[in-house]
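Since chain G is already given, all that's left is putting chain E on it; use the hints.
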Amino acid sequence: MMFASRNVRLCTKDCICLFVCPTGATDTESGQIDASKCLDGCRLCVDACPGGAIYLVPKNYPKPQPKHEDVVQTLFALAESKVKTRQLANALGDDHRLARKALDFSLEVLAEDCVREGGYMLPQSAAVKEFLNGLKERYREDPAFPIEAVERLRDLL
Amino acid sequence: MGTLNHGELTVMCTNLQKACEKQLRSEEAALFGRLATYFSEKTEKPGRQATLQEIGLIIDEEIATLYPEANEQADKAQDRGAKRALLWGEKVTRLHKSFLTRLERNPKLLDETPVWVCESCGFLFVGAAPPAVCPICKVPNIKIHKMEVK
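Heads up: the protein sequence lines correspond to chains G and E, in order.
Each residue of the first sequence is one higher than the last, beginning at 59 in the numbering used here.
Each residue of the second sequence is one higher than the last, beginning at 53 in the numbering used here.
Because the hints were derived from the structure by calculation, they are not lab data.
Owing to the predicted nature of the structure, the values given are computational and were not obtained by experimental measurement.
The beta-carbon is built from N, C-alpha and C at its ideal position, and this holds for glycine as well.
Certain hints may be false.
Claimed, not checked - Under the rule of at most 25 Å between Cα atoms (straight-line distance), these lysine-lysine pairs were calculated in the BS3-like manner:
#1 K159/G / K202/E
#2 K74/E / K121/G
#3 K190/E / K159/G
#4 K149/E / K125/G
#5 K159/G / K149/E
#6 K198/E / K149/E
#7 K202/E / K95/G
Unchecked claim - Derived list of chain E stretches under chain G, where covered just means 3 residues or more per stretch with a C-beta under 8 Å from a C-beta of chain G:
#8 55 to 61
#9 64 to 70
#10 76 to 86
#11 107 to 118
#12 172 to 183
With the rest of the complex left out, here is chain G (with noise of 0.2 Å):
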């Protein structure tokens, strides 16, 4: 399943996929095509846009590549060093205030991408499944983790 989207920056209003569009999915107020009109996998209007502003987006992807456990664990030790520099980076003195703003935003993308190749990149993978199950599992004691929102991240997902 793929439905078709559109990258605003990207779009220079030539509106071709007003004229190629079967349903008038493309022909909306808000700037995006209304999924509930877009055809699975048509691309009419992905092949017809001059600006290259219009993709498909899968509704499933394919399995992630197993990852290496090695791999896996190296690449966690290195986001586990960036978060404790993101700690110390935000318990700069105050003459450091952009300073640590900087940091703590270059540190952050760091860490994420470290997490991310160490094979938490698909939100809809089983490895993320176990993680929300283990969350759920380690705060099921406290009342201010919002276990609802892991529930319902396991609905959708």
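Frame of chain G, contents of chain E only:
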């Protein structure tokens, strides 16, 4: 998994939040965002002021040990995704080191000159305007953001 600390759980959730946004799954993204906020609020703080030097020491250790070890394993497993993340990550980490050294020498570095960060790879840049494309990940500079504080 039971051993991840709250700072690590925060980035696990913000990573998945961004992954959902890229798939246009806004409800899922918001739910991961809620989890990230919960973990971020629980994240341990050092309880004292940190110094530029101690951050520099951790970076030295990463460059001396953690990156070479991770690169070796990624090479052995022929994991292209991991190698890509390590290549960009190590470049950005070296920029962090030089940024910290410059700040040590001149604590007023950012008073006059803006600082920018690339949301795709973490590229950190001190200068009047960002480059047209990110020198590390080559994304156009609409993804390179000026850091500002109130």
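Results of checking the hints against the structure:
Annotation: proposed proximity of K159/G to K202/E holds, straight-line Cα distance about 11 Å (limit 25 Å). With a C-alpha separation of about 17 Å, the suggested pair K74/E and K121/G falls inside the 25 Å cut-off, and the hint holds. Between K190/E and K159/G, the direct Cα distance comes to roughly 23 Å. Compliance with the 25 Å bound is thereby established for this hinted pair. Taking the CA atoms of K149/E and K125/G, the gap is about 30 Å. The hint is violated against a cut of 25 Å.
About 16 Å separates the Cα atoms of K159/G and K149/E, which keeps this hinted pair within 25 Å; it holds. With a CA separation close to 20 Å, the supplied pair K198/E and K149/E stays within the 25 Å bound. Distance hint between K202/E and K95/G is unfulfilled; the C-alpha atoms sit about 44 Å from each other, more than 25 Å. For the segment 55 to 61 of chain E, the proposed coverage by chain G is satisfied: 4 residues have a C-beta within less than 8 Å of a C-beta in that chain, meeting the threshold of three.
Requiring three or more residues with a Cβ within less than 8 Å of a Cβ of chain G, the coverage given for the segment 64 to 70 of chain E holds, as 5 such residues are present. For a cut-off of 8 Å, the count of residues in the segment 76 to 86 of chain E with a CB near a CB of chain G stands at 7, and the three-residue condition holds. Restraint check on the segment 107 to 118 of chain E versus chain G: 6 residues with Cβ-Cβ distances below 8 Å, three needed, restraint holds. Counting residues of the segment 172 to 183 of chain E whose beta-carbon sits less than 8 Å from any beta-carbon of chain G gives 5, enough to reach three: the coverage restraint holds.
Hints 4 and 7 from the earlier list are contradicted by this structure; the remaining hints agree with it.
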